[in-house]
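**Student:** Here is what each chain is made of, one letter per residue.
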Amino acid sequence: MQEALLKNRLRVLRAEREWSQGELSQKLGVSRQAINAIETEKHDPSLELAFRMAKLFKLPIEKIFTPETE
Amino acid sequence: MSVLQNVNSPRPMSLKLATRFMAGGVAGAALGFAVMKSATSLHVSPKSMTWADFLAVWIGITYLGIGLATYAISFNRKELARNLEGMEARLPATPSEVRTSRLQSVTLVLAGIMMLLPVFAMGSLSAIPNMRELIFLGIAILFALQTSANVMLWRGADEFLRRLLLLTCAVTFGIGQALLFLRAAAEHLGLVAPVSAWEILTLMMTLYIATGTWLSIRNRPGSSDCLNS
Numbered sequence: 001m002q003e004a005l006l007k008n009r010l011r012v013l014r015a016e017r018e019w020s021q022g023e024l025s026q027k028l029g030v031s032r033q034a035i036n037a038i039e040t041e042k043h044d045p046s047l048e049l050a051f052r053m054a055k056l057f058k059l060p061i062e063k064i065f066t067p068e069t070e
Numbered sequence: 071m072s073v074l075q076n077v078n079s080p081r082p083m084s085l086k087l088a089t090r091f092m093a094g095g096v097a098g099a100a101l102g103f104a105v106m107k108s109a110t111s112l113h114v115s116p117k118s119m120t121w122a123d124f125l126a127v128w129i130g131i132t133y134l135g136i137g138l139a140t141y142a143i144s145f146n147r148k149e150l151a152r153n154l155e156g157m158e159a160r161l162p163a164t165p166s167e168v169r170t171s172r173l174q175s176v177t178l179v180l181a182g183i184m185m186l187l188p189v190f191a192m193g194s195l196s197a198i199p200n201m202r203e204l205i206f207l208g209i210a211i212l213f214a215l216q217t218s219a220n221v222m223l224w225r226g227a228d229e230f231l232r233r234l235l236l237l238t239c240a241v242t243f244g245i246g247q248a249l250l251f252l253r254a255a256a257e258h259l260g261l262v263a264p265v266s267a268w269e270i271l272t273l274m275m276t277l278y279i280a281t282g283t284w285l286s287i288r289n290r291p292g293s294s295d296c297l298n299s
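Chains as they are written, first to last, in the working numbering: chain G, 1 to 70; chain B, 71 to 299.
Please keep in mind that the hints were generated in silico from the structure rather than gathered at the bench.
C-beta atoms are modelled at their ideal positions from N, C-alpha and C, and glycine is treated no differently.
Not one of these hints is a red herring.
One-sided and incomplete, this derived list gives chain G residues near chain B with beta-carbon spacing under 10 Å: (1) Gly22; (2) Gln26; (3) Val30; (4) Ala34; (5) Ile35; (6) Ile38; (7) His43; (8) Pro45; (9) Glu48; (10) Leu49.
In silico DSBU-like pairs for lysine-lysine, Cα to Cα no more than 35 Å straight-line: (11) Lys27/G / Lys148/B; (12) Lys58/G / Lys7/G; (13) Lys42/G / Lys27/G; (14) Lys55/G / Lys42/G; (15) Lys63/G / Lys42/G; (16) Lys7/G / Lys55/G; (17) Lys42/G / Lys58/G; (18) Lys27/G / Lys58/G; (19) Lys42/G / Lys148/B; (20) Lys27/G / Lys63/G; (21) Lys63/G / Lys7/G; (22) Lys27/G / Lys55/G; (23) Lys42/G / Lys7/G; (24) Lys148/B / Lys63/G; (25) Lys148/B / Lys55/G; (26) Lys7/G / Lys148/B; (27) Lys27/G / Lys7/G; (28) Lys148/B / Lys58/G.
Pairwise CB distance ranges, derived in the manner of DEER restraints: (29) Glu62/G / Leu277/B: 37 to 47 Å; (30) Val12/G / Ala267/B: 46 to 56 Å; (31) Thr66/G / Cys239/B: 30 to 40 Å; (32) Glu18/G / Arg169/B: 20 to 30 Å.
Use the sequences and the hints to build the structure in full.
**Tutor:** The following block contains the structure:
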């Protein structure tokens, strides 16, 4: 699968809240594999999922995701 | 060690994982032996089988084996969670994950049976009047059931799993159509012997399994998870 074009802080944010991948996947309504793929930057989430993450972590999207080039 | 240090620490290859591979190999060999024993009892002679038939039997056994293993694992929610999330998964699989896993096992087992049936029908069964038609009817019914299960899986999948499936199909089609085009051109020019639809199908399914395996390995849940360790 194509590597993700975005860097993200999902793993760190999840660790700060002491959530497992399984717990985060339940909160976001996606599979555990999806969380793992996003954290390991193998998959860029859709805009809709990125907004759900931003809402969950109470952060702007750009505090979670940054373009690879930056 | 801090939380963030733990997050980035690599996970060593587990002995448990190696044991699982070994157990899977032994179970696969046993299943293969059982299937070939059944074929022999139905007087399906290996001498009468083409390379495509052997390939179909291998594909059928592979699907059956993975399907039965998936079904068995779905009864152990902690083990299923480890399969989905990695060896350090903390939460057991949810009822929804168990349902999805069992549905996947149904599609795999049905696919395995559908690949094996045409080969098995070549033996003593084919001598019974109308048996070939009955077997084909059975395959058509299984196909309809399997398609329904696949649609249910698709509808329940999230964006990542859908993307993975679409990518598997796209890679299979891309490579498959290229090879088929070259073969068809050579065949049309009379340079090679014609291939049957059965031969094309078995090659395509082999390509599909290879692509799916490659993508699954690339996307396996292998990253360490500090919160679960």
